[in-house]
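Quick mapping for you: the protein sequence lines, in order, are chains A and B.
Sequence positions in the first sequence follow this note's numbering and run 1 to 418.
Sequence positions in the second sequence follow this note's numbering and run 1 to 969.
FYI, nobody ran anything at the bench for these hints, they're computed from the structure.
Among the clues, some could well be false.
25 Å max Cα-Cα, derived DSS-like pairs, lysine-lysine [said to hold, decoys possible]: (1) B:338 / B:375; (2) B:109 / B:61; (3) B:109 / A:240; (4) B:299 / A:103.
To spell it out: a stretch of chain A is covered by chain B in this simulated footprint if at least three of its residues, at any positions, have a beta carbon under 8 Å from a beta carbon of chain B; those stretches are [claimed, not checked]: (5) 13-27; (6) 211-221; (7) 245-258; (8) 297-308; (9) 397-408.
Quick reminder that beta carbons are idealized off the backbone N, C-alpha and C, glycines included.
Residues per chain are reported as follows:
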Amino acid sequence: MIHSLFLVNPSGDIFLEKHWKSVVSRSVCDYFLEAREKALDPEDVPPVISTPHHYLISIYRDKLFFLSVIQTEVPPLFVIEFLHRVAEMIQDYFGECSETVIKDNVVMVYELLEEMLDNGFPLATESNVLKEMIRPPTILRSVVNTLTGSSNVGDKLPTGQLSTIPWRRAGVKYTNNEAYFDVVEEIDAILDRTGTTVFAEIQGVVEACVKLSGMPDLTLSFMNPRLLDDVSFHPCVRYKRWESERVLSFIPPDGNFTLMTYHVNAQNLVAIPVYVKHSINFFESGSGGRLDLTVGPKQTMGKTVEGVLVTVHMPKTVLSVSLNATQGSYTYDNATKVLVWDIGKLNPQKLPNLRGSLSLQTGAPKPEENPSLNIDLKIQQLAISGLKVNRLDMFGEKYKPFKGVKYITKAGKFQVRM
Amino acid sequence: MEWANQLCENRQFGSKMTDSKYFTTTKKGEIFELKAELNSDKKEKKKEAVKKVIASMTVGKDVSALFPDVVNCMQTDNLELKKLVYLYLMNYAKSQPDMAIMAVNTFVKDCEDPNPLIRALAVRTMGCIRVDKITEYLCEPLRKCLKDEDPYVRKTAAVCVAKLHDINAQLVEDQGFLDTLKDLISDSNPMVVANAVAALSEIAESHPNSNLLDLNPQSINKLLTALNECTEWGQIFILDCLANYAPRDDRESQSICERVTPRLSHANSAVVLSAVKVLMKFMEMLPKDLDYYGTLLKKLAPPLVTLLSAEPELQYVALRNINLIVQKRPEILKHEMKVFFVKYNDPIYVKLEKLDIMIRLASQANIAQVLAELKEYATEVDVDFVRKAVRAIGRCAIKVEQSAERCVSTLLDLIQTKVNYVVQEAIVVIKDIFRKYPNKYESVIATLCENLDSLDEPEARAAMIWIVGEYAERIDNADELLESFLEGFHDESTQVQLQLLTAIVKLFLKKPTETQELVQQVLSLATQDSDNPDLRDRGYIYWRLLSTDPVAAKEVVLAEKPLISEETDLIEPTLLEELICHIGTLASVYHKPPSAFVEGSRGVMHKRLPARTGSGESTESPDVGTIAGGSGTETAPSIIPSQGDLLGDLLNLDLAPPTTTGPPPPTSGMQMGGMDLLGGGLDSLLGGDIGGSAAMGAGFGAVPAVMPASLNAPMGGGLGDLFDLGGGVGMPLGAYIPPKTVWLPAMKAKGLEISGTFARRAGVIQMELTLTNKAMSVMTDFAIQFNRNSFGLAPAGPLQVLSPLSPNQTIEVSLPLSTVGPVMKMEPLNNLQVAVKNNIDVFYFSCQYPISMLFVEDGKMERQVFLATWKDIPNENESQFQIKDCHLNSDAASNKLQASNIFTIAKRTVEGQDMLYMSIKLSNGIWVLAELRVQTGNPNYTDLEISVKCRAPEVSQCVFQCCEAVLKN
């Protein structure tokens, strides 16, 4: 099981360690730091590293490495999932997950880690259970605590800990009862040079914010549930009902949670909302080149495309760019060789264009590699797969809740080859 | 405005309240100051001080000097302070064991607290204090907590047993905690069940034989019920535990699969992958024509695809596992090629894995798409990735024959880009394509030759030189090209030098007239100016060959080469099977068997996929499954790891590698398409496990000689057990022949599995071997040799394996043995070290023969001689043994023993005891005398007593074991 945890910042300093069994010397991290040195990017450090006596499993998240040490055969996914849970817990408690925040709250983080794992076995990872054991910090509470000497640690056994619905605590009360659902879809796509789709899929997620009193039992149904053949659910969803009736039936956790994620990869169902006309040429002599980019809307279902941002990874030898944008602004970072063009809202009448010249390092040959272009975008009030919520019903409680559903489409890993 | 000021102050106050301040005090007297604060009267000050101590601890500072002061704060009603002190204790108790005793009383008291949270906290913390003296005090509170009324305490206590076991395993066993833990599997609370399973699994890992997780249909049912109700982590433990169960028949297997399938939609990827493991394993038992089988296959694809949209670290682990899954069951993901397309911002470790899987899924149907992608990748920025992409194009050409032409032209396009590393990589793979499809694509040689100058990596240079040498007759200026390499001969790497030497010799043999000078130059460079022994040796061999017999030289050097196989990196089927049983573990990430690398797992069991068993043929005894799956390693064959010094004299065996003139192995046998793999795997499974697990219970005792040949090692233990049960069931009279056991498992011998036994037939000792080829290529050129041994056993003839052994084939061979070989005393006495050679390698193993093989037929002593000898042998040479539970009367025993050349000379009945006097003569002339006492008066007393007397007392033990084996059959 999980033996120890080290938190390492990007410069390689270990700023927190926690051991659940005997103490493992932090020198074990040297193997990891060595791998870190070798990798070009922090993202490229392999997640599983073997050392003579231990295995190191790590994740890179929020510019921090969460590094766990294990000694016996343990499912690596279990460890990785747990590490992500730690990061989420810190985010949840302190609003962000960063070295500063962890250092500011080191004792509480330490107490939380102790609650999350016992002898390497997960003990309590549900946010609502943890929050009953160790109350999240607020300015007011810390003042009160200092004055009265009371503590952040709950002394009652959390109610969710052992019930069959560990995700919900008993006795929740709200004056305004509300349940909001966000259907968020991200398009992952690769378009080739001619604009043809090489690969496209939609990663969808239904995020919920449920603030309802008591023990509400909800049922959410869709207009077109047949779209959803590849789904994963929050543990609260009753799988049997989904199998037989294609409705989501569940007693929700209190607050924010991810109700389900889904995946649409039938190629014909994935609409591509924008197109890019691009040309990039380098002169044979090798002194420079020209770039010309135009972005326009394609299949947008009549909605406006907003927040368009184009990122181009230039060949290493491109020294500077001199471009002219008809809309938005651009920046070029010579260190990372990344050109970012922030367009904003897409106007179908007047398509944004970026063109101009590129200059290469003196003496450098014509670049060999093809640059690649990534697009960010947002479309409000649209789930690009066409998924629509039909209705939300509540059982088990008498009051009438406020209900709402929002749709949004974004670009995920949306890549155009040049 | 006052409120605003207030807020500002609060904010300041708030920021002062953060823990960063703990990091700022690094002054010299820090410890001293903390000491004073810890001993303060004010509660609040104390707590702050403990917090500071903890903060220092988390960043790795040594604050162990404060131990007594911190422990003094333990007696408190403030739960937070208590928890903080506990945190400190867990870290430092080990360094201050005597001080830690001070804490015991508080722990014991807390275990009685009315608040379950405090009870649980106490038992949990106590288990983390790894001090022997404390563990003694832990037992009583733990026993209480395991039976606590509150499930939260019970589930915490379950984990505590695992902790305690880690510190002191004996104590846990003596105190009976393991049984209590097993009882918790039937607990009413699913969380308690899950933790009990987790604790038992961890304990079982260090005790592979303990059979702790005794799985039967009832307990499986309990687990499946708990599975639906426990937390995500608990589900992982339960699923991993389920995967070890061996269902009795296909119906049970299907019902488990049905109940596990909903887990595939879980949000936690570890749950998903553990569920995939269970399904992949149990699926093996389902009939292929079942509708449900098809449904299950379809259900497996979406969750695997979903794993690929998770965080990159999760993707990586998923991809390593998918790599195994597509090798075992390519049909699951054959339509999902596109999800493996590489994205620009994937981390490099994900990119490389995706590439691997793309090649595995490549087929005629999708090859165009794959090639277009690979070509795209070949122009990316990351050099490592580009190289692998170019190699991948070559692998596609070799894998999908119809695409070879397109691949070659893609490679030529890439060579035209003139990007240095792309060109070099392309040339290396084109060499392989030439070897796979000879005389087909040689037209591209001209293009390759144009790039000669840009090659600066040894592998690419060597490949190019190989091409020039191999096709010297078609390249007009081959001599010039090779000569140009020769100029800097000494600066080249060995790889290039060797290749250059061979290429020039080839050239000479093809165009002898104009290249005489060149060949002489290279030979002298290689033999005289080089200090590399490999190069010199090869140089001399060529020189000698060319000077003595040029015709022979031509036959050797220009021999037709065996074609390279399609996929060289497929995992060997037996290993693949084991890895499928370990999906989701580290083993699956490293693609190595768990025994190969996980430290601290003493004797990991080898897992195998279950065989398909029809419900009709299931056995009465539900235990068979557990025996087969959970039996120990005590009978695991001992493999001699490497050529140790005692094997020195084995080396006179002909170990030379087969020469290139040998016949090329038939390539048709290597068509490792997905279906073939599957079929093959299943066949061998059917041969092995059905016989082993189902048929064994019923018909075993009667037919030990037809033991399934490919029985694997751990099953040996189970066999032994069953053997005892079936004792005395209609054994035909004849010499005792032990059942075949696996001597050399396939995993240790590159796919060759050897099982065997010994028999004595008509005075001739025979070694009966079953050879099974579990590798993917043909095996030939078998030979066998023994090390010197106690009784001079040696093969009396060569090993008669006439035809080559093709993949998945099994043959039975009898090897007559003589007893005139060299003698060396072995430990144990009947140990035999054997070396077996085939075209692949030499393998060593050791086995033990029953000493009865050496009992000669003229072993009946005259009565008088017997009496005299018995008296003559000193009494200290006499040893006594007991044979338990043997239901034989003296006549039956006598007959049985006689069949194995143990002769009864006289019989006497005294006071309800039959005394049999027996003599044995060993092949080396040693006489052994024995007295066997059989109770006749008392039917309940079934033990036999035997006294053995011999001038060489070291054989007594062997003789006894042998008698026992003979009598019990």
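Would the hint linking residue 299 of chain B and residue 103 of chain A be met if the CA-CA limit is 25 Å? violated (45 Å)
Tell me if chain B covers the segment 397-408 of chain A under the three-residue, 8 Å CB rule, please? Not satisfied, violated; 0 residues make the cut.
CA of residue 109 of chain B to CA of residue 240 of chain A, is that 25 Å or under? With a Cα-Cα distance of about 47 Å, the restraint between residue 109 of chain B and residue 240 of chain A is violated, given a limit of 25 Å.
Hey, residue 109 of chain B versus residue 61 of chain B, does the alpha-carbon distance stay inside 25 Å? Violated, because 31 Å separates the two Cα atoms, which is more than 25 Å.
Taking beta carbons only, do three or more residues of the segment 211-221 of chain A come closer than 8 Å to chain B? violated (count 0)
Three-residue Cβ test at 8 Å for the coverage of the segment 297-308 of chain A by chain B: violated (count 0)
Coverage of the segment 245-258 of chain A by chain B, judged on three or more residues with CB within 8 Å: Check failed, 1 qualifying residues.
Has the given pair, residue 338 of chain B with residue 375 of chain B, been kept, meaning a C-alpha gap of at most 25 Å? With a Cα-Cα distance of about 15 Å, the restraint between residue 338 of chain B and residue 375 of chain B holds, given a limit of 25 Å.
Can you confirm whether chain B covers the segment 13-27 of chain A, using C-beta to C-beta distances below 8 Å and requiring at least three such residues? Since three or more residues must qualify, the claim that chain B covers the segment 13-27 of chain A holds, with 11 doing so at under 8 Å.
Taken one by one, the earlier hints fail for this structure at numbers 2, 3, 4, 6, 7, 8, 9, listed in ascending order.
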